[in-house]
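**Student:** So the chains spell out like this:
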Amino acid sequence: MSRFERQTILPDFGHEGQQKLKAARVLVVGAGGLGCPALLHLAAAGVGTIGIADGDNISESNLNRQTLFGQQHTGRPKAETAAELLKEKYPDITFNVIPEFLNNKNALEILSGYDLVLDGSDNFGTRYMINDACMLLNKPLVMGAIYQYEGQVTVFNYGETPVNYRDLYPDPPQSHEVPNCSETGVLGVLPGLIGTLQATEAIKIISGLGKVLTNKVLFYNLKTSGFFEVAVSPNSDSEKGIPSSEDAFRSKDYNITCGLSENISWEKALDWKQNLKSSILVDIREPDEEPLLKREDIDQIPISVLAEDQERVRSFENIILFCKSGQRSDRMAGELKKQFPEKKVFSVEGGILHPASPVNSEEK
Amino acid sequence: MLAEKLPQPKFEFPYQKDSDELLKALNQEYPFLEDLKFSLAVDKQLVQEKTPLKGSEEIALLPPFSGG
Numbered sequence: 000m001s002r003f004e005r006q007t008i009l010p011d012f013g014h015e016g017q018q019k020l021k022a023a024r025v026l027v028v029g030a031g032g033l034g035c036p037a038l039l040h041l042a043a044a045g046v047g048t049i050g051i052a053d054g055d056n057i058s059e060s061n062l063n064r065q066t067l068f069g070q071q072h073t074g075r076p077k078a079e080t081a082a083e084l085l086k087e088k089y090p091d092i093t094f095n096v097i098p099e100f101l102n103n104k105n106a107l108e109i110l111s112g113y114d115l116v117l118d119g120s121d122n123f124g125t126r127y128m129i130n131d132a133c134m135l136l137n138k139p140l141v142m143g144a145i146y147q148y149e150g151q152v153t154v155f156n157y158g159e160t161p162v163n164y165r166d167l168y169p170d171p172p173q174s175h176e177v178p179n180c181s182e183t184g185v186l187g188v189l190p191g192l193i194g195t196l197q198a199t200e201a202i203k204i205i206s207g208l209g210k211v212l213t214n215k216v217l218f219y220n221l222k223t224s225g226f227f228e229v230a231v232s233p234n235s236d237s238e239k240g241i242p243s244s245e246d247a248f249r250s251k252d253y254n255i256t257c258g259l260s261e262n263i264s265w266e267k268a269l270d271w272k273q274n275l276k277s278s279i280l281v282d283i284r285e286p287d288e289e290p291l292l293k294r295e296d297i298d299q300i301p302i303s304v305l306a307e308d309q310e311r312v313r314s315f316e317n318i319i320l321f322c323k324s325g326q327r328s329d330r331m332a333g334e335l336k337k338q339f340p341e342k343k344v345f346s347v348e349g350g351i352l353h354p355a356s357p358v359n360s361e362e363k
Numbered sequence: 000m001l002a003e004k005l006p007q008p009k010f011e012f013p014y015q016k017d018s019d020e021l022l023k024a025l026n027q028e029y030p031f032l033e034d035l036k037f038s039l040a041v042d043k044q045l046v047q048e049k050t051p052l053k054g055s056e057e058i059a060l061l062p063p064f065s066g067g
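Quick mapping for you: the protein sequence lines, in order, are chains A and B. Counting from 0, one number per residue, gives the positions in the first sequence under numbering that gives the first Met the number 0. Counting from 0, one number per residue, gives the positions in the second sequence under numbering that gives the first Met the number 0.
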């Protein structure tokens, strides 16, 4: 009698399929709404080695959908807790705890130890980063994502005519194209379904079972109970967005800020200030902050003042903010955008420290 | 983010000769679309280059999701 008897007696799966699962190494990125059900089914099915990457801790509001965890786990780290709970159920499976968020500095090293990646992350920056990493390392990627009552799932970089995320959406959305990338509502059962579909595709790929969900994206609408499939072909243009080497990958910027503002380059900022009607370029650093930058086309309004009084920017249609590193300006731009939804508000990426800032480029 | 702003989850739209024209007309009719990211599918095939239309096709607007 074996734990897997009901699988091994299946005609197309058998002992061979089970053996393949046992030998497989799967990385699950994110032990959240998608990751929890996916992890549970991968482990229950008998995948031999499972990596769990998540840098977050469990909070109470996670519990409606992150079904591995319960009330007693709040405050504990997700990756470690998930591994502990699953190890208790299935002691013969190897769980690798990666207690950090994946980024373009650590991803290649981590991913290279696995045969397949399951993306259960919760932001576009990570999704594009994982897509590009899987393309560079040639790993199949099972993608799943949700928004409120809808989900999508597909398999990238697998099969005879592999496609990737950039075939679907060539570039990441700008922050203003994602109306609210902070927390939105979700009925817990939705990621349960989508994450389980992801685990299903992972198991099919590993065991060679059936027809894998590649070259098409499956959309599911919880409210209408509707499934909708869209066919996707490889598109040579999509390769343009993928870094050409591992070094290029490590130096690419995958941060998509979730402010309501849009980040722009210094080049654009200076060009727009000069050429766009009704635009103002504002240094929001406090007066004592180095290095000083005095130019005719730059207004000085410290963030402490601007937060209280928007009089000086009110009459402009395009408001471009910069600070030292781009963080405060991004936040402030988000605040201004909330107050003036009809205006365009931008934050200069990297701020004054950026190599392309006027301070750095004029010295040369 | 997209469906909830459109008049109906499904609706008819005046004929346009190709996918580029359709996108232009949609943006004109629903200006908020310009600020949203989505891909188009014509009869369940993702549009990756300009696609001629006959008028009877089923068009889908597909926003990317990031939640997990």
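Think of the hints as simulated: they come from the structure by calculation, not from any bench. One should not assume that every hint holds.
Computed footprint of chain B on chain A, listed as stretches where at least three residues anywhere in the stretch have a Cβ under 8 Å from a Cβ of chain B [stated by the list, open to error]:
| no. | segment |
| --- | --- |
| 1 | 115-128 |
| 2 | 132-141 |
| 3 | 238-246 |
Just a sample of chain B residues kept apart from chain A, beta carbon distances all over 12 Å, derived [what the hints assert, rightly or not]:
| no. | residue |
| --- | --- |
| 4 | A24 |
| 5 | D42 |
| 6 | L61 |
Note that the Cβ used here is the ideal one computed from N, Cα and C, for glycine as well.
**Student:** Hint by hint, say whether it matches the structure.
**Tutor:** Verification of the hints:
1. Closer than 8 Å: that is the beta-carbon criterion, and the segment 115-128 of chain A has 7 residues meeting it against chain B, so the requirement of 3 holds.
2. Given a C-beta distance limit of less than 8 Å, the hint that chain B covers the segment 132-141 of chain A is violated, as 0 residues qualify and 3 are needed.
3. A stretch counts as covered by a chain when three or more of its residues have a beta carbon under 8 Å from one of that chain; for the segment 238-246 of chain A and chain B the count is 0, and the coverage is violated.
4. No beta-carbon of chain A comes within 12 Å of the beta-carbon of A24 (chain B); the shortest separation is about 20 Å.
5. With a cut of 12 Å on Cβ distances, D42 (chain B) falls inside the contact zone with chain A, its closest approach being about 9 Å.
6. Distance to chain A contradicts L61 (chain B) as a non-interface residue, since its nearest Cβ pair spans about 6 Å, not more than 12 Å.
The structure does not agree with the numbered hints 2, 3, 5 and 6 stated previously, though it agrees with the rest.
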